[in-house]
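Reconstruct the complex from the two isolated chains, following the hints.
So the sequences go chain by chain: A and B. The first sequence begins at 1 in the working numbering and counts up one residue at a time. The second sequence begins at 391 in the working numbering and counts up one residue at a time.
To be clear, the hints were calculated from the coordinates, so they are not data collected in a lab. Every value quoted in this text rests on a predicted model; they were computed, and no experiment measured them. Glycine included, each C-beta is placed from N, C-alpha and C at the ideal position. Any given hint could turn out to be false.
To be verified - Derived coverage of chain B by chain A (criterion: at least 3 residues anywhere in the stretch with Cβ under 8 Å from a Cβ of chain A; other residues may be distant):
#, region
1, 472-486
2, 493-507
3, 517-530
Claimed, not checked - In silico negatives: residues of chain A with every beta carbon more than 10 Å from chain B:
#, residue
4, T251
5, D290
6, E355
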Amino acid sequence: MKKFNKVVSTVMASALAMAMLAGCGDGAAQSAGSGSGSFKIGAIGPLTGAAAAYGNAVVNGAQIAVDEINAAGGINGYQIEYKGEDDELNAEKSVNAYNSLKDWGMQVLVGSTTSACSIAVSENTKADNMFQLTPSGSAEDCVKYDNVFRVCFSDPNQGIASAQYISDHNLATKVGIIYDNSDVYSSGIYQKFVEESAGKNYEVVSAEAYTQDNNTDFSVQLQKAKDAGADLVFLPIYYSDAALILTQANTMGYAPTFFGVDGMDGILTVENFDTSLAEGLMLLTPFAADATDDLTVNFVKKYKEKYGETPNQFAADAYDAVFIIKAAMEKANVTPDMSVSDICDAVKGAMVQIEASGLTSAKMTWAASGEPNKEPKAVVIKGGVYVSAE
Amino acid sequence: MSFLTYLINGLSLGSIYAIIALGYTMVYGIAKMLNFAHGDFIMVGCYIIFSVSAAMSGNSVVGIIVAIILCTLLGVTTEFVAYRPLRGAASPLAVLITAIGVSYLLENIALLIYGADIKSFSSVISWEGLSFADGQLKIQGVTIITILVSVVILIALQLFINKTKQGQAMLAASEDKGAATLMGINVNRTIALTFAIGSALAAIAGALLCSAYPSLSPYTGAMPGIKAFVAAVLGGIGSIPGAMIGGLVLGIVEILSKTYISSQLSDAIVFGILVVVLLVKPTGILGKVIQEKV
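So here's chain B without its partners, still in its complex pose (with noise of 0.2 Å):
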């Protein structure tokens, strides 16, 4: 029964890294480029979703709906302002650095509005959550969401990408951007809707993140964010359902190497595991190798 409550805690914890790691992987495969502010996005989200039920003395759903909306600006904003402009740029190095500096200044502004003490996020989430056999087995409200709307979003964003307009200009930008400016697709606005999309799905994780691990501080989204693109890379970096599986495989094994393991080496483990896999299959599980046509 406590291995149940286990795989179930990892499941938890693998949806929220999938629901992260499905930005950074839509961003890498698109935009070519790793956006490492993407964890920062989501602690943006759970502060902006703090301040608002703040306000609006406990109102949730209102603080989740203003922060999806701010974060996509923010996305968009920084696209616009900091990584559009060295599109371009010689070394692909620069945009890279870039995205660390955002990272940054996103931690650091944070910081300077809220200050470094932690605060206690109250979950979003009332549900109390099912109990089955006398309570032995107790999984909670926020778990059984968090998983629900990582499958949801799964499914949405495979729907939006095979079957509408702009994601198939998602697809084919993704493959080769010069042809398909050619084919009359705008590439920079699709690469802006990406980021767009990318950022709600951060400011959704952060709701669940901070309901899940109530805790509130400027480098909240840090961790998460390494480990979520580790998830990404694992999946194969640019593989919408390979983010979800890399998210699944990372939250499961963390969970259950500190378990029967070790509490300590858990984060030894999970990055071993990346190794390997890498050596194995460079690509990552769903990874594809692009040949280059000559």
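Bound conformation, chain A alone (with noise of 0.2 Å):
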């Protein structure tokens, strides 16, 4: 794979040579013409498929903040042009969809929506030297590289908060942890959620394993939680298996606590699903749509009315993500007319300079590594709905 991407790396490379020519004719049209510019930002997602839920709210969420944006004035007096593309869930795909975005004229990225997606894309937008702000990419290497940032935890975070979170409000005496061994995404959250555990009010008693290949039967995995005693079973996974999860414990007459990370986000619109099992399941998330201030309220009330659907954790990171590269861009004082580089450059510097509020935390910071600094909540599931644990 480290050769692909070397291949793959080369050929962007030449691929941008080629088109700094092709925009040089360009920008000689365009001054000749009107003078004026709009920013592009793409966006990248699952649109289709198993995280379906993930990449429309992503490319939704970012599309409102954009009609915010544009309504109010634009980015230092421009407006911005936006797209969304979907990945599928699949890393070529999604280095396709970023491909064809940069045909389009794309400057700036809010993507990928996911882990390994995001990762490669990351490879590419280093290539090219753009700026990529990833609302929801948590791996570790998401942001390996300086020209990436992103708005969520990164997966240890995830992991760390989430043996905080347990601790601190004596959710459990055993914990028990199914997670899926196939996935950097889960197996990274499960090695820090381990390590933090250490020393904490509670004790792991089962941590089990699956794989993609393997990813229909969980009798097994919860048998030995609840033959362990477990009375809080953590699910570092993605929605998809976890609905099946929830079911499979439901009839064996199993009830622990189930807790989440924010792959957990989406099952309650996983088709045919019985909500009425997922009553109780916690998960760590930035957002709760239940929330109260005029941020969150607003936001919810445009969502609803333009997608009929109630906004989650991934429709606020990229709400938030397109304001927070608005701020890094006034910050920087970018024009439309810059080329990508340049672009990416000014505005990686000015990251790690402003303290952006938003949706899913107040006052967020960034370090040069491209990791935010917040505080993690959670919320809880009752009655068909999000609402915050606290």
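In structure tokens, the structure reads:
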């Protein structure tokens, strides 16, 4: 894969060189014409497939932010053009989506939505030196390059925050874990959770793995947690597998507290899923749609009007991402006629200076590593909707 | 007590593998071809049950009947359109590759119609199941019914093959197609019948699989299909009791190795056992060695 990436980056670099040559002509034509311009922001996420709930939320959430910014006069006086592309939760398709957005003229990327796709795309944004802000790519490697920042917690932070949250709120005495060993997201959170759990007021009594080739039968993993007496089962996995786990736990007659992380967000949208099974499920998420602050109320209202759904955390992350980009662009005072690479250098310098408040947290700041600094929050499912756990 | 629970879970999983493996093994025994699309027939069956049940406001009995009929038609049509014209082809690889093609075709049609989002499948069995020893040992209804159905199917198939004219025709065709034709057996029709039965079994297996593990996607049939193929080979491909034994062994080994060895290694162990069995007994547990007479 490393070798492949190298080939890809070489190809991308030469493509960029050609694009720059082509760009000269464009620029001349443009300055001869209107003289004004607009920023082109692209977003990538799985709009179809197993994680469609995330991708659609990201693309829609960012759209609302773009509409608001445009209505209020744009960034530095320039309007934003915006476009979302589908990657079907597939790293190669995510790179294709990135390429087609680049052909469209994208200058800043909001994406990709999921970790593996975000990492794949970051190889290309690095080669192109394009500023990338992933709303929800939480694997450590997502921000390994200096041009990539993120809005959400990283996986280790989610594992650590979950352990702290469970301990601080006395949610359990014995904890079982079921995680996906074939997924970097899931196993990353799992490792940090276990490390952080040492010396806490609960005990990890079972930790069982499964793989994507083996994700239909969870009876063994659940039975082991049950036999070990776990009163809370930590599920650092995506909602599609979790829906199956909840159903199988129910038929087994096992009812611990289930505790998930951001991958659990979307479980209420699984078609034909009995949402009463998710009653009492807790998940670590920076966003609760029932919060009563003006910003959230306003956002939820707009999102419902436009898309007929209650926005989830991914929508909020993406909404914040666009405003964060706006703040950084204004700080750096960039204009649309600057090259992609110049915009990137200016914006990434500004990222470590800004302090942004949004839906997902107040007073978010960033380190040059790309990691955000913000407060963890949790929600619980009650009556088929998310409510703040506090 | 928990050992018993695991064992019963293994039996249930094994019974599903067994029903799928029966389809593989019958088609192989008679047509001498591996129908790699068999796992996808299961998926088609599940989607039909899902759609019909939704349209009939949750009446799954009608769904199962419609699924069995449509899967049977699908199997016969596939055989007629995709496999029969290739039966005389110079290389047996042609029909094998076609089967893989049919598999991808069905998966992609399902992707087109239903999308890749997983759907939660409502169990076709509403029975809660039995509870022993003050609820310590709980056997789910779907588990019991799966095991019973597989036993009934096994007995019915054995009777069909040994006691009926059509069954005897199948046996004859499986041993020597040329001689069977000379004896007045319509081999093409016999093979079509085999596909019909195999596909109907796929629909039943689908109903049970998705009731036990209620998530449905276009790839639902792929992995169970491969495991069932392993079960058929393990038991001795072409042998009906062999498919049953292979399926049960595979299911139990998978669950027990997940429990007592490692939940990550269970697939490796399952496929490892296949390798060992094939090294020791290349024809599988109940496979017959057919000697070429010169």
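Hints that the structure is at odds with (numbers, increasing): 1 and 4
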